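S.K.: Residues per chain, in single letters:
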Amino acid sequence: MCLCGCTQAPADVHGNPASTTTGGIRSITVTGSTTVLPIAQSAAETYMDDHADADIKVSGGGSGVGVQAIGEGTADIGMSSRELTTDETSEYPGLVVTTVAGDGIAVVVNPANTVNSLTLAQIKDIYQARITNWKEVGGPDKVIVLIGRDSASGTRSFFTEMVLEKENAAPTMLEQNSNGGVLQSVAQTPGAIGYISIGYLDNTVKGLDLLVDGNQITPTVANVKSGQYPVSRPLLMITRGAPQGLSKSYLDFILSPDGQKIVADQGYITLN
Amino acid sequence: MEVNAAEGAKGSDIPAGKTRGMLRVKESILKSIWFLCAIFAVVTIFFILVFLFWDGYPIFAQVGVWNFITGMTWNPTGNPPMYGIFPLIVGTVLVTIGAMVISIPLGIGSALYISELAPAGVKAVVKPAIELLAGIPSVVFGFFGLVVLTSWIQVTFDVPTGQTWLAGSILLGIMALPTIISVSEDAISSVPREFKEGSLAVGANHWQTISRVIVPGALSGITAAIILGMGRALGETMAVLMVTGNAAIIPSPIWNVLSPIRTLTGTLGIEMGEVAIGSTHFHALFGVAVVLLVITLGVNLMATAILGRIRERQMPTGEKKKNLLFCAIARSGWMGGVRNATPWIGAVLLTGLMFLLSGAGAAVLTLGMTGGVITTRRRIPPRLVQKIAFALIALSIVVVLVVLGIILWDIVSKGIGYISWDFLTQSPRDLGRAGGIFPALVGTLYLVIGAIAIALPLGLGAAVYLTEYTREGKITRMIRTGADLLNGTPSIVFGLFGFAFLVLYLNFGVSLIAGQITLALMVLPTIIRTTEEALKTVPCSVREGSLALGATKWQTISRVVIPPAMPGIITGTILSIGRAAGETAPILFTAVVFSQRFLPTSLFEPVMALPYHLYILATNVPGAQGYQYATALVLLMLVIAIYSVAIVIRYHYQKTLHW
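Top to bottom, those sequences are chains A and B. Everything in the first sequence is counted per the working numbering, starting at 6 for the first residue and increasing by one. Everything in the second sequence is counted per the working numbering, starting at 774 for the first residue and increasing by one.
Bound-form chain A, shown alone (with noise of 0.2 Å):
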């Protein structure tokens, strides 16, 4: 069985250690984003427990590196939580992108904090800087932190489009490189305000509640799969060409109900 790096120039069998199969083992490479770690590394480990053949590699580095790794050959599937730049499309033609899943940003703060609901206005005003303290949006007198991404983030792309409409936020926005950095600040800082891809939400931080036309819409998985809470994107994983071999099966497996039910163990939101 030849995998799709295999049928490349004969430096690639070298270059791409991933998709060979020695010894009666098919081994492929996942990596890219941070966000869509989760659903992979799980799926591996499952689809692994039923194909005694396979080694799925799962790494993480960001969505750039994922969407690079691709492009460049050195894995065999690339995970993102944005979608492709135009850049990307243009200097790696033929990648295929395959939504694995949904994902919800919940906005959370500190539990300690008794704020429970905020409008999407009243949030970027806070993210740039005109709401500054607590007590202006009904809480405790206390300055708020803002905490959030690095600029690279898909997440914080997702973030500045959908809740500042594109507009910057305050420079003194706290960056993290991950949701988990950005889980442990808000969860051990009083007055934090951060934004987290929901299947990291847990109850070391409280997520709020966004106020929609007056209605409170709370950050779950049911909330955002039926369209109410409006702050959602897709989670991508991308082939060269179309998915093929153990690539395939693996991409199927994620599809397949029993993958999608791993996607909802996590905490993310499935297909359909």
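Think of the hints as simulated: they come from the structure by calculation, not from any bench. This one's a predicted model, so the numbers in the text were calculated from it and none came from an experiment. Possibly wrong hints are sitting among the right ones.
[Unchecked claim] Counterexamples of contact, computed for chain B against chain A with all Cβ distances above 10 Å:
no.: 1; residue: I842
no.: 2; residue: L1074
no.: 3; residue: Y1242
[Claimed, not checked] Once the Cα atoms are required to be at most 25 Å apart in a straight line, the calculated DMTMM-like pairs of lysine to aspartate or glutamate come out as:
no.: 4; chain 1: A; residue 1: K147; chain 2: B; residue 2: D1203
no.: 5; chain 1: A; residue 1: K140; chain 2: B; residue 2: D931
no.: 6; chain 1: B; residue 1: K1187; chain 2: A; residue 2: D207
no.: 7; chain 1: A; residue 1: K129; chain 2: A; residue 2: D146
no.: 8; chain 1: A; residue 1: K266; chain 2: B; residue 2: D1203
no.: 9; chain 1: A; residue 1: K171; chain 2: A; residue 2: D92
no.: 10; chain 1: A; residue 1: K253; chain 2: B; residue 2: D1203
Ideal placement from N, C-alpha and C gives every residue a C-beta, glycine not left out.
Chain A is already provided as a structure; the job is to place chain B on it using the hints.
M.R.: Quick look at chain B alone, frame taken from chain A:
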């Protein structure tokens, strides 16, 4: 060392004339090999520079160098995008200054304690403990900083967030300590005993001897230690980005240590992973890397210049043998300058301690007070001065050990409950929330062994060439500068270089070999520097004796010079192993995957690694805190095991060493 074997095989049956001819050929071949090793560092730094400029050029062309450097706003995905890195440069400089204020006094104080004041038994415990500090991976420091240090700062100073300049500086200060202590201590210990005895014999007390004879004598080594430490602080990525808040602002006012801050390395660390390759933002990040490298280049060149001036003054013209020179210095006016400076070194030491213990205000106060005391110092009896000095030195080592204790206690107490046989022998499950870490453990061993196997021969060869074959001249200066620059090169830059050059250009793929070479490049300067210092401590009389008895240059080096220098060489190697085992940034894009089912069977397959595993657990997997601490603990125990072996070897050598 095949060369060694070949030499051993050369028997007495070869006619004397032929032997001499062959020896001459062998000598010149060896010399060329060592030269190639030495020039390697220069070639590498050149490669890295060219590569960074290549990818950074588009941003300079688009924005303009001046606007890029002096721009006040960094917001590459803003509307419109802004590529101004001035706040980042200020952040990098401030964080490094803060770290040095903490680590230089603590480091030199601890080194003095270990080499001059500590009873043998205490020394035997303290020295390895300090080396252990070097083995704590940056990602562990970062995690510890995020969880413990930033909370402490937030509560103690009652600020909205503890993610501040102060947190970054404290963490970097701690991380630079082992380097500064180990290298300074080696330098101080290598000051010949006769000097100390002579000083004491003419009636100077112990502190006077330390401050006016020993410290000046070891000054070049101590300077080297500080450069190495500063290199570590400037280039650190993972720990810094986890605790400084990464807000691209200039503190207001500028000395506000409680302001969040963002460094150049932090910017690379958090943004490089997700940026779209080939975009303006991507090139801007390479621009950041160029600026970072130019800053480290500037700092290192400055330090090299200072070092060069000290050496020149030490050296009467035409005199090349350093070890004969100490008598000359004793008479020269240079000593006077250092003598006047020594109390100020003490003042900085005290200030740093106060800074660490109770913040900036107290530090400024202390500086003023000690300044006043020093200017009126003549009236204080020497005995009292000695008491105060020794108390400060003891205090510095206590602070270092308490910090080490707190970090170790935190990791051990929270991690030990999760360690089991299964944890060590199984693959991770559920993203590392269950199962074990076996593949990561093996992967880290592979990476470290490979890195040392590449870096040690190269580093040894370079150091041998620098100390044994050359006079101080243009070429040595160039090579040494190359090694210093390589040392100052941030680990994240090695990672980028490894990715573009090894993974993509040489088509290795994300693989074990790419990671090993990248790590080897990173630890090479440490090995060169420490080996060089160790070789320098061997007295010239020993070399001359060997040569006078008819031994060739190489015989002298291999049988007379290297064996007694072994403890120093091993110290350098230990530091390198610790660093290679714990680094995340260089392997991030070159060698690691988060999970794999089978161990790698060839050098061209990727691996798992403990620090990367820990990094992902710490930043991307909620609910894995126990396993995270357990992973950190295993990484620590692994390093302790490696260290123990090395320490035993060194102890053995020290016991058999007699001048």
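S.K.: Keeping to a limit of 25 Å between CA atoms, is the pair of A:K140 and B:D931 held or broken?
M.R.: holds (18 Å)
S.K.: Keeping to a limit of 25 Å between CA atoms, is the pair of B:K1187 and A:D207 held or broken?
M.R.: holds (21 Å)
S.K.: Please verify whether A:K266 and B:D1203 have alpha carbons no more than 25 Å apart.
M.R.: holds (14 Å)
S.K.: Holds or violated: are the alpha carbons of A:K147 and B:D1203 at most 25 Å from each other?
M.R.: Status violated; Cα separation ~38 Å.
S.K.: Is the Cα-Cα distance between A:K171 and A:D92 25 Å or less?
M.R.: holds (19 Å)
S.K.: Classify the label on B:I842 as holds or violated, using whether its beta-carbon is more than 10 Å from each beta-carbon of chain A.
M.R.: holds (18 Å)
S.K.: Next pair to validate is A:K253 with B:D1203; report whether the Cα-Cα distance is within 25 Å.
M.R.: holds (22 Å)
S.K.: Assess, step by step, whether the Cα of A:K129 is no farther than 25 Å from the Cα of A:D146, and give holds or violated.
M.R.: holds (20 Å)
S.K.: Does B:Y1242 clear chain A by more than 10 Å, comparing its Cβ with all Cβ atoms of that chain?
M.R.: holds (38 Å)
S.K.: Using Cβ atoms and 10 Å as the threshold, tell me whether B:L1074 really stays out of contact range of chain A.
M.R.: It holds; B:L1074 is separated from chain A by about 32 Å at its closest Cβ, greater than 10 Å.
Comparing the model with each numbered hint stated earlier shows that hint 4 is the single one that does not hold.
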